[in-house]
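Student: Fit chain D to the supplied structure of chain C, relying on the hints for placement.
There are 2 protein chains.
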Amino acid sequence: MKNKPRIRVDFNNMMAASIGAHGITEEEIAGHMAQAEAAAKALAEKRPQMKWRELPHNQAKIVEKIRKTAEYVRANYDAFVVLGIGGSALGPIAVHQALNHLHYNELPDSKRNGPRLYVEDNVDPERLAALLDVIDIKRTAFNVITKSGSTSETMAQLLAVFDLLKSACGGDYAARIIATTDEKKGNLIKIAQEYGLTTFFVPDGVGGRFSELCPVGLLAAAVCGIDIAELLAGAAFMDDLCGEKDIRKNAAYMAALLQYISMKRGKNISVMMPYADSLKYMADWYAQLWAESLGKRYGLSGGEVFTGQTPVKALGVTDQHSQVQLYVEGPFDKVVTFLGVDEYRSEYVIPGGFGHIPDVSFLSGHTLNELIKTEQAATEYALMKAGRPSFTVTLPSVTAFTVGELLYFFEVMTAFAGELLCINAFDQPGVEGGKQATYALLGKPGFDEKRAELKAAPEKDPKYIVG
Amino acid sequence: MKNKPRIRVDFNNMMAASIGAHGITEEEIAGHMAQAEAAAKALAEKRPQMKWRELPHNQAKIVEKIRKTAEYVRANYDAFVVLGIGGSALGPIAVHQALNHLHYNELPDSKRNGPRLYVEDNVDPERLAALLDVIDIKRTAFNVITKSGSTSETMAQLLAVFDLLKSACGGDYAARIIATTDEKKGNLIKIAQEYGLTTFFVPDGVGGRFSELCPVGLLAAAVCGIDIAELLAGAAFMDDLCGEKDIRKNAAYMAALLQYISMKRGKNISVMMPYADSLKYMADWYAQLWAESLGKRYGLSGGEVFTGQTPVKALGVTDQHSQVQLYVEGPFDKVVTFLGVDEYRSEYVIPGGFGHIPDVSFLSGHTLNELIKTEQAATEYALMKAGRPSFTVTLPSVTAFTVGELLYFFEVMTAFAGELLCINAFDQPGVEGGKQATYALLGKPGFDEKRAELKAAPEKDPKYIVG
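Taken in sequence, the protein lines are chains C and D.
Here the first sequence stands for residues 1 to 467, numbered as in our numbering.
Here the second sequence stands for residues 1 to 467, numbered as in our numbering.
Among these hints, one or two may not hold up.
Because identical chains cannot be distinguished in the list, a pair is counted as satisfied if it fits within a single copy or across any two copies.
Mimicking DSBU-like on lysine-lysine, the simulated pairs with C-alpha atoms at most 30 Å apart in a straight line are [stated by the list, open to error]:
| # | residue 1 | residue 2 |
| --- | --- | --- |
| 1 | Lys111 | Lys51 |
| 2 | Lys249 | Lys463 |
| 3 | Lys450 | Lys190 |
| 4 | Lys385 | Lys264 |
Hint data in this document are derived by calculation from the structure and do not stem from the laboratory.
Next comes chain C alone, as it looks inside the complex (with noise of 0.2 Å):
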């Protein structure tokens, strides 16, 4: 195990040894330990409920599938499409901006390394027009995505490239379109069994937020090229890791506690900064994690709690020149993730230039690689010098190995956090309310008494209404 890339996790910025009054005590800990030491016990106690904790064990021959109906679009297409929203979208976006090209889709074919890539996870008029600007329909393949067969936007798509590939493709267009459902219920599955599409499950269990180690994220990732047994070795690495029972020693664990301890601590922010473009993606990831499993309204005994954390997406440097400053001088509201890189790979040395000016030309001969992590560890050090709360994710390099497991760190990390917390982690009963409105107001079968009820709804006050 010792011999594993580890991706290795830094608290010191959140205790008060390194901030002061906003960082956490020993006695803190100390004092919730008792508390961890129960949720880690029921942790254990649900995990044959926790299907998506099996994913990296119990795949290999759903890996095999995948792997060969990869090789068949990747022989046969120019661009796949995956059609999906929410956690159908977010894993594969992260997962392809980490380990493919930055500019993969602008890449000569000779170069890219499987055919284009969209995730359409919206149903903007303007963006279903400008994708059929850049697709040869002809060319493609699509994936849909949806455990339930029910998600409104993922089935209008679906209705939208059915109706595209008959009349581009006739005959044969159902061989386009592979699905991804649940095994047993909901209307995807029927359809895809009426009309003989290759389909891969979202096994039981497997919410869409913890779903990217499943067919879900597993196909677009092979299509395009990326090594899935690799992404699943790393993710069971860390389900290794994540069996240490000394809470301190458990990074998972301790990052959710620290974050548990912060929130009570009125901390109601989770920024996560990656000083890396290719982890850009993943805060948008854990954004969909950290939010949809802890905004809960009621806690596990029934009563009212309206706890969560909400995720705010940056990324390093860049936001250094657009939120550090609130990041540095607001309120102490916020506890920063940061994600780092030991190696990135490519490096490049700044040339000289402008030797007559001194301020510029200090930069000659360092590497962009230094000046990026130079500016992380100073966004730390100010961070700490100013009382915020941050800790630092750390991945030796960014391969589907350790890509795999700061996946499974997160989902890990979520699931514990959500024990503290004691709530459920993997219901979102809030969506409901705007999902049933929808229906209503489009007219679907069934929801008689919600489209009374937007009916009944007060007039807008013409007076709070300027322009």
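Tutor: Quick look at chain D alone, frame taken from chain C:
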């Protein structure tokens, strides 16, 4: 004035009459009116110092020069690369996304309205390598933007670009670099004069985050075919509207006032959620504007205030499946600003299909336009029912004119919020610490003291490092 397309702001869901206890009452507004009127008076008096306020009115000659330069770039280059960070990047990105094709860089030359555009606002070595894989440096023009001329990231990029161009293009390489900087001060103007670069100026009194409507933003926009006169005309129209004396009819002032009251009542998070892919990066631009302007340690009277509201970027409908669970059920700690659009620039009717599955086929015959707008209305309704404050800014359609309006609206709103908070909305002293630490660590002359301070910082405690 009536016939110009005018953005509309609906504050109903900020009010207690709509959302209950977390809303604002008429009495509260009345109680703050004297303060608001004093702030309006103060802002009017400060107008001569706020040079960004005149940008819509005083740039006719500059627009001509920008257009000529843009024509030259469009005729001679395949790619246009902006080297800039923070305010030099976020505005150009937001306006480009709003007004150009959503897959602009992927379009063939014949369909694209100008050279490909890259805004390089980070120093990740992997990103530079990726850029060099997709541009032909001999067919690329660069616009280096830094007002101070001392932005390390941008100057490191400039050193790289000088070196790359010199090798690739030989003698005339400097003709491919356009500098945008202060007219008199700093290193970049020195370099520009020495090498005879085409140069544009950031006017005195126009800070980075208020600079989109000066050459900082206008050049890239013009190069990519955007009508910059229309952008400025829209801003000028909003300037007129912001002259409205009755605060209740002044949308920018009302937005600031209601946000201010909300902040005082513990809403420390400002979510911006556009329901349009084209407006996605308006939320990034706003995030800098709001965060850097209002995130301040000291008030104008010198005492510590630690003020500021943390911006959060979301996208509708996408983030209904990621963030709305938290917004509906989590803490009562945020105000959501929806950005909506009356008329999208495309329309798409969802085709028929799956007639035997009414839970899917109810979508058929509706347009995607209806779907996205209905989902916006449903989310507004769900938040209202959950007692969460929000307001909605609606553009009649997304055009250069309305985008200019929108930018200016948020700028005035931010300046007015700064007045209400009694802070200086136009400085950013909190970023100095991190900058100085970077300089010290990289050996910039004159930072020996900071270097000594950093050396004297206590070592990390290995107890708090896991992995």
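Student: Next step is simple, just say for each hint if it's right about the structure.
Tutor: Verification of the supplied hints:
1. Taking the shortest alpha-carbon separations for Lys111 and Lys51, neither the intra-copy value of 38 Å nor the inter-copy value of 48 Å comes in at or below 30 Å.
2. Taking the shortest alpha-carbon separations for Lys249 and Lys463, only the inter-copy value of 9 Å comes in at or below 30 Å, while the best intra-copy value is 58 Å.
3. When the C-alpha separation of Lys450 and Lys190 is checked against a cutoff of 30 Å, the pair qualifies only within one copy, where the shortest distance is 27 Å, while the shortest distance between copies is 66 Å.
4. Proximity of Lys385 to Lys264 under the C-alpha cut-off of 30 Å is found in both arrangements, the shortest distances being 22 Å within a copy and 27 Å between copies.
In this structure, only the earlier hint numbered 1 is contradicted, and the remaining ones agree with it.
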